[in-house]
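Given the coordinates of chain A, work out where chain B should sit on it, guided by the hints.
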Amino acid sequence: MAVDMVLDYIWLIPVFPLLGAAIQLFVGRRLSKNAVSAVSVGLPGIALVWALGCVGEFLKLPADVHVFTKVLYSWLPAGAFRLSNGALGNFNVPVGFQLDPLSAVMLLVVTGIGFLIHVYSVGYMAHEGGYYRFFGYMNLFMFSMLVLVLANNYLMMFVGWEGVGLCSYLLIGFFFQRKSASDAGKKAFVVNRIGDAGFLLGVMLMAVTFGSVEFQQVTEQARSGRFPVGSTVIVAICILLFVGATGKSAQIPLYTWLPDAMEGPTPVSALIHAATMVTAGVYMVARSNALFILAPTAMALVAGIGAATAIWAASIGLVQNDIKRVLAYSTISQLGYMFLACGVGAFGAGVFHLMTHAFFKALLFLGAGSVIHAMSGEQDMRKMGALWGRIPTTAKTMLVATLAISGAPLFSGFFSKDEILWQAFSSPYGSILLWFVGFATAGLTAFYMFRLFFMTFAGESHVPHELEHHIHESPKVMTVPLICLAIGALAAGYVGWPKILGGSNHFEHFLEPVFENPSARAAFEHTWQSEFGLMLLSVAIAAIGLLIAYFWYVRRPEIPERAAAKAGPLYNLVLHKYYIDELYDALFVNRVKNLGNAFAAFDLGVVDGGVNGAGWLTRMSGELSRYWDTWVIDGLVNVTAFVVKVLSYPVRLIQTGLVQNYAWMITLGVVIFMVYYFVHF
Amino acid sequence: MIPTSYYILLGSGLFTIGVIGVLTRRNVLVILMSIELILNAVNINLVALSQYFHSVDGQVFAIFVITDAAAEAAVGLGLIIALFRNKETVNADEIDLLKW
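Residue numbers (my numbering), protein chains in the order written: chain A, 692 to 1372; chain B, 975 to 1074.
Extracted from the complex, chain A is given alone in its bound form (with noise of 0.2 Å):
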């Protein structure tokens, strides 16, 4: 087919910053800076490019065809084996690509955005030791999350996911100089492991119940009827599955790692733990929507434990004063958000919010660094302050951000949000107090976000008098970027117009043929009026929580501290994020630590000795055989030679030198001779 040009090497989108990665880390040391930036940011370029044609190829596709997959070739061909219902099934692992609607969607939101912070990190990390190794890792994560985006079976979608897992530790770690960093990148690792241990459960026992693990033919198995609604298998795979997505995604109880994550340079936190990576389990969970379907329980648990990780979270981001601690809790609280759509069955709005949070998140996040970049490193903002007139394109695309996020009208997170809550009061599978929850996060999110918007650029200065010259606007390099995600931060939101207010949601019926769930469709129909009532009630809240923010922190800055002062313990618990990483720490990384330190000592006493005994025992071994050679053998020969000097002594006397003597011994002998001759004859 002539029209699939592009199409067809849309295996290429992958390769192109894994190209930029290789170059990066095995030469790029010897390349100048420049040349590892145009490297490094055109790579992602043209992969945005190839992106686009494809995503635009895909689109001119006849309208019944909705998926369009491209196979390299077969990975792992397995062959025959027993399922689980014990019939015999063949098992094959294609390295396949698979472009729909929503691989469409990530796969724009991952190379747009990525590509948006390659430039903006020439500029952030200019001064930075290691450029190369930076962007050699940059690259090396945008290989692994297309990989994992376009993959068309679950283990190749792994296959990324540990990948872009990789490259969170590598890149958390990047200052591994300084001992939080290392630890952090190591925590993060390690905490994701956890996840992806369930998660591969999951993928197995997927593999012995359906035969294979690629997309289509488990969504096609799981519609077919095959299983009952709440079947215990599908329900154990389900729960399996969203234990992955809470390791990568930063839910409950795994969210403790991306806090830590902030230790990496910014560019990352925005890239990996805003825009991308984090979302990888809210699009895999979207993916096997068929199969949450099937599983009611599951579908609750996602939705519960997302509604709370959302105020969780939320509550903890109230109380920070570092500026990119407010931001990671932020964060895992819009991820909550995602999880408490898919729980409830609005996949569809799930991942619109995940596309919208791209925007602002990134956003949000490049604007703090550049606030940093400006205040020289310092990120406590309780140090900034009036900092609106001093930088004024970051203050401005930041204050987009923040509405944005606050859910203010005609902003893009508006739409987004206020679907989710919508769906969670409206849906079968939702109730009130779900709703109730994500209403309570919104009125918080817009308290804290405006806090710190406030914090950084409002008020009074703080800003101590040695870093008071050095703030500056950031060079275009990074601004630019910024405004660009301010535009998307804007506008984004108008593909998914509510059909209440009179459009028609392009975004969620672009995504409808993904997502095919006929029954619970049908239970969608609640009044307009309810919707509208509930949208005025979200406005209503983060109006609140910005206005209390605003008179807590301009007019009245001495209240934030009074409060603190009067809540007290309260203050101080959540201050310390409810202590949960010194309980993790009890309860499992010490009894980790300790049976670890318990290997080190048998291994030091039991098997180190033993080794060093067979040592000891040789050298013993020797030394007998030294003591054997010394005493007895040469003992033996030493005695012969003093027996003969000894028997010698008598005999070396007869020698006289006197000729005489032996004249007379010869006469002596003769004489003998003759008296024996006489007596014997």
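Rather than coming from a laboratory, the hints here were simulated on the basis of the structure. This one's a predicted model, so the numbers in the text were calculated from it and none came from an experiment. Some hints could be false.
[To be verified] Distance windows between CB atoms, simulated:
#	chain 1	residue 1	chain 2	residue 2	range
1	B	Ser986	A	Gly1360	33 to 39 Å
2	A	Val1342	B	Phe1058	30 to 36 Å
3	B	Ser1029	A	Met1356	48 to 54 Å
4	B	Phe1027	A	Val1361	24 to 30 Å
5	B	Ser1029	A	Val1342	27 to 33 Å
6	B	Ala1056	A	Arg1317	56 to 62 Å
[To be verified] Which residues of chain A face chain B? A few of them, derived with a C-beta cut under 7 Å, are:
#	residue
7	Arg1343
8	Thr1347
9	Gly1348
10	Leu1359
Beta carbons: idealized from backbone N, C-alpha and C, even for Gly.
Using the frame of chain A, we list chain B on its own:
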């Protein structure tokens, strides 16, 4: 006639004196003289027994021995002179180079 045993006795007596002289005297010239004495004692024996057996072989052999003794004396004196040149002494007790 004089009994032959008297000649034999004389011969052995002289021989014994000669042997004792070789073994005990310090002066090498005297040792040489003692050796001559031994040889002459043997000569007396030879002649006496030649007369007893009525054979002239003994006397012939005695002439040989006298000649031999003369040559030997010449050689011996040459040895003593060479020895004296090197060691400055004719005292047999002082020539003990091969002592242990």
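Hint check:
1. B:Ser986 with A:Gly1360: 33 to 39 Å: violated, 19 Å
2. A:Val1342 with B:Phe1058: 30 to 36 Å: With a Cβ separation near 33 Å, Val1342 of chain A and Phe1058 of chain B satisfy 30 to 36 Å, so the hint holds.
3. B:Ser1029 with A:Met1356: 48 to 54 Å: With a Cβ separation near 36 Å, Ser1029 of chain B and Met1356 of chain A fall outside 48 to 54 Å, so the hint is violated.
4. B:Phe1027 with A:Val1361: 24 to 30 Å: holds, 25 Å
5. B:Ser1029 with A:Val1342: 27 to 33 Å: violated, 48 Å
6. B:Ala1056 with A:Arg1317: 56 to 62 Å: holds, 59 Å
7. Arg1343: Since chain B brings a Cβ to about 5 Å from Arg1343 of chain A, closer than 7 Å, the hint holds.
8. Thr1347: Cβ of Thr1347 of chain A sits 6 Å from chain B, so the hint holds.
9. Gly1348: Nearest chain B Cβ about 3 Å off; hint holds.
10. Leu1359: Check failed: Cβ of Leu1359 of chain A comes no nearer than 10 Å to chain B, outside 7 Å.
The structure fails hints 1, 3, 5 and 10 (numbered hints given earlier, in ascending order).
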